[in-house]
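Chemist: Each chain, written out:
There are 2 protein chains.
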Amino acid sequence: MNFDTRTPIIFYFDFISPYAYFGSTQIEALAARHGRSVDWRPTLIGITVLKIMGMKPLTQTPIKSDYLRHDAPRMAAAYGVPFRFHGLKDINSLAAARAFLWIKATDSALATRFAHRIFRRLWVESSDITSVDDVCHEAAALGVNGSALAEAITSAGGKQALNDAVQIAIADGAFGVPFFIADGEPIWGGDRLWMVNRWLRYHSWSKPDDNHDRD
Amino acid sequence: MNFDTRTPIIFYFDFISPYAYFGSTQIEALAARHGRSVDWRPTLIGITVLKIMGMKPLTQTPIKSDYLRHDAPRMAAAYGVPFRFHGLKDINSLAAARAFLWIKATDSALATRFAHRIFRRLWVESSDITSVDDVCHEAAALGVNGSALAEAITSAGGKQALNDAVQIAIADGAFGVPFFIADGEPIWGGDRLWMVNRWLRYHSWSKPDDNHDRD
Chain A
2 MNFDTRTPII
12 FYFDFISPYA
22 YFGSTQIEAL
32 AARHGRSVDW
42 RPTLIGITVL
52 KIMGMKPLTQ
62 TPIKSDYLRH
72 DAPRMAAAYG
82 VPFRFHGLKD
92 INSLAAARAF
102 LWIKATDSAL
112 ATRFAHRIFR
122 RLWVESSDIT
132 SVDDVCHEAA
142 ALGVNGSALA
152 EAITSAGGKQ
162 ALNDAVQIAI
172 ADGAFGVPFF
182 IADGEPIWGG
192 DRLWMVNRWL
202 RYHSWSKPDD
212 NHDRD
Chain B
2 MNFDTRTPII
12 FYFDFISPYA
22 YFGSTQIEAL
32 AARHGRSVDW
42 RPTLIGITVL
52 KIMGMKPLTQ
62 TPIKSDYLRH
72 DAPRMAAAYG
82 VPFRFHGLKD
92 INSLAAARAF
102 LWIKATDSAL
112 ATRFAHRIFR
122 RLWVESSDIT
132 SVDDVCHEAA
142 ALGVNGSALA
152 EAITSAGGKQ
162 ALNDAVQIAI
172 ADGAFGVPFF
182 IADGEPIWGG
192 DRLWMVNRWL
202 RYHSWSKPDD
212 NHDRD
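Residue numbers (the working numbering), protein chains in the order written: chain A, 2 to 216; chain B, 2 to 216.
There is no bait here: all hints are sound.
Copies of the same chain look alike in the list, so a pair counts if it fits in one copy or across any two.
Result set (BS3-like, lysine-lysine): computed pairs, CA atoms no more than 30 angstroms apart in a straight line:
no., residue 1, residue 2
1, K52, K90
2, K52, K160
3, K90, K57
4, K90, K160
Hints were generated in silico from the structure; no laboratory data involved.
Note that the structure is predicted; figures quoted are calculated from it, not measured.
Pulled out of the complex, with its shape left as it was, chain A reads as follows:
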């Protein structure tokens, strides 16, 4: 099979997920190794996981929440990236996701830089990302016009753009995050980047020298 190296890797994320943060720290370098770009796409797991799938937040799920608290720091260590549980309550990513889409509409590279800042703000610096002020603060550091952005975040158009983005994510089967689509193959999980890598390399899951459980 031949695949077009101009096809980007789709990366669905939600800033409130630590595993999406881990994915965000790795996907650009992984894509670059295959000569690919990354199409960053925000979604809302509050819609997909909680409302559509009817699940509880991970942090409120018995037994599994303890595992998450153990797992996230070791995944950060495995990826070699800074990480800290923020301890913030009632955070959401609505304003940040709307801001991302507004920036992306005119400059996708700038939007990616903005996304990295938001992820870092929440998962490294333990600062809130919920308010319009929080979001505009990070955007301003990149030279984005704060008042225009604030207006976009709170506008009907800004809200609709995010709603549309979530519907696209659902249509693509992205229930959780991070969720990657590599040459048509859907891959879920911050611990499954090896699958993105393998698919881009072989476009097959079976290969003779199989060793994906080994270092």
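Chain A is fixed; fit chain B onto it per the hints.
Modeler: Then chain B, alone, in the frame of chain A:
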């Protein structure tokens, strides 16, 4: 740190999970590479996932169920093992798990062989594993006394042994399956055998030559 190579890798499983089946096909060889044995321990995700965690069965979870149907066959291909969705309804693993525990009480190696047969029966041959007859049929092929086993499965003691086993699994934090404990480190998922491998090798998550997302 020094670790005792006599410490087995704990492997929590439930026959009804395709990912536990995948784990069952890999864990013995992985353990052997590190000079380890495997302590096979049945649990019931109908208790941990559905009752305690309050989740729906994966197959009834919107969006995610579609992903599961796509993911399981490719994981089988990646592991190079036979696999087929069985299409059976209302199956459960109570009798098979009780039988496993009864056999294990006197012969753990035989119990492991029995477990492989049950997994294969369900996930390769698409045959039911729910009834006492189903279970005794597989055990008989290994020379196990069928009437004694049938009595054990339906006895109060047989039921209590499984209840106790599930409580131990919960105490160990095993919410889903497969769930491994390698030298104290809890690792969940049929796609995370690389973590079992890495932990046994390095007993650390951070290492300079990190490459776990690469083949």
